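Colleague: Could you put together the complete structure from these sequences and hints?
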Amino acid sequence: EAGVTQFPSHSVIEKGQTVTLRCDPISGHDNLYWYRRVMGKEIKFLLHFVKESKQDESGMPNNRFLAERTGGTYSTLKVQPAELEDSGVYFCASSPLLDNEQFFGPGTRLTVL
Amino acid sequence: DQQVKQNSPSLSVQEGRISILNCDYTNSMFDYFLWYKKYPAEGPTFLISISSIKDKNEDGRFTVFLNKSAKHLSLHIVPSQPGDSAVYFCAAFPYNQGGKLIFGQGTELSVKP
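In order, the protein sequences belong to chains A and B. Quick note on this note's numbering: the first sequence kicks off at 54 and runs consecutively. Quick note on this note's numbering: the second sequence kicks off at 269 and runs consecutively.
These aren't lab readings, by the way, just hints derived from the structure by calculation. These numbers come from a predicted model, not from an experiment. Note that beta-carbon positions come from the ideal geometry of N, C-alpha and C, so glycine has one too.
Per the computed footprint, the stretches of chain B lying under chain A, defined by three or more beta-carbons under 8 Å from a beta-carbon of chain A, are:
| id | segment |
| --- | --- |
| 1 | 298 to 309 |
| 2 | 312 to 318 |
| 3 | 372 to 379 |
Distance condition first, Cα-Cα at most 25 Å in a straight line; then the derived DSS-like pairs of lysine-lysine:
| id | chain 1 | residue 1 | chain 2 | residue 2 |
| --- | --- | --- | --- | --- |
| 4 | B | K273 | A | K97 |
| 5 | B | K336 | A | K97 |
| 6 | A | K97 | A | K68 |
| 7 | A | K131 | A | K107 |
| 8 | A | K131 | A | K94 |
| 9 | B | K324 | B | K339 |
| 10 | A | K97 | A | K107 |
| 11 | B | K273 | B | K322 |
| 12 | A | K97 | A | K131 |
| 13 | B | K322 | B | K336 |
| 14 | B | K339 | A | K94 |
| 15 | A | K97 | B | K339 |
| 16 | B | K273 | A | K94 |
| 17 | B | K339 | B | K273 |
| 18 | B | K273 | B | K324 |
Non-contacting residues of chain A with respect to chain B, defined by C-beta distances greater than 10 Å in every case (computed):
| id | residue |
| --- | --- |
| 19 | F60 |
| 20 | E67 |
| 21 | G69 |
| 22 | V72 |
| 23 | T73 |
| 24 | R75 |
| 25 | P114 |
| 26 | N115 |
| 27 | L119 |
| 28 | G124 |
| 29 | T126 |
| 30 | Y127 |
| 31 | Q133 |
| 32 | L137 |
Modeller: Laid out in structure tokens, this is it:
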């Protein structure tokens, strides 16, 4: 069974540009989460989808971040315009509907110069 | 305000000895705890979990202990192996707040042959 996949693995952009990260969860997983780890600190929750609906977006830093999950399958996280403090590793995770264990993707390392 | 804390950023242990990784939390509403292991350039992978109704859970070489009165949990690895070298994250589920995980900063374990 394929795990959670994320694309790209690494992105380097300049301040003010736009970047879109993609996550493909494990097939059949209704829960999809985005997290971010900045500069070796804790992994911080950004938002949670149940199928195509945003269940909790309390961790989104500001309105420069926009997440979507079209049709309840893959998800995208767009950062527009990117700022220096957005640099970090963005992880996506998925889980079945009533399961506590979340399966993480390898992450996208975003560097904003 | 960090609700899950791992105060040791790194730990070095000799192969065959016990590794003890510690985690403290502040929120008494946490009712489920997990440990994740992360290798470089990979996403975190689930290792072991414990419900707040238990004080110990064991899986092979890995045991997690929970002391609710002290709001403290620990992960014991016995015996430690070089392949255990990784970053270990403690994570907690807040009760009734959906599925988001609250992570600690991680402890980098190095097991030396």
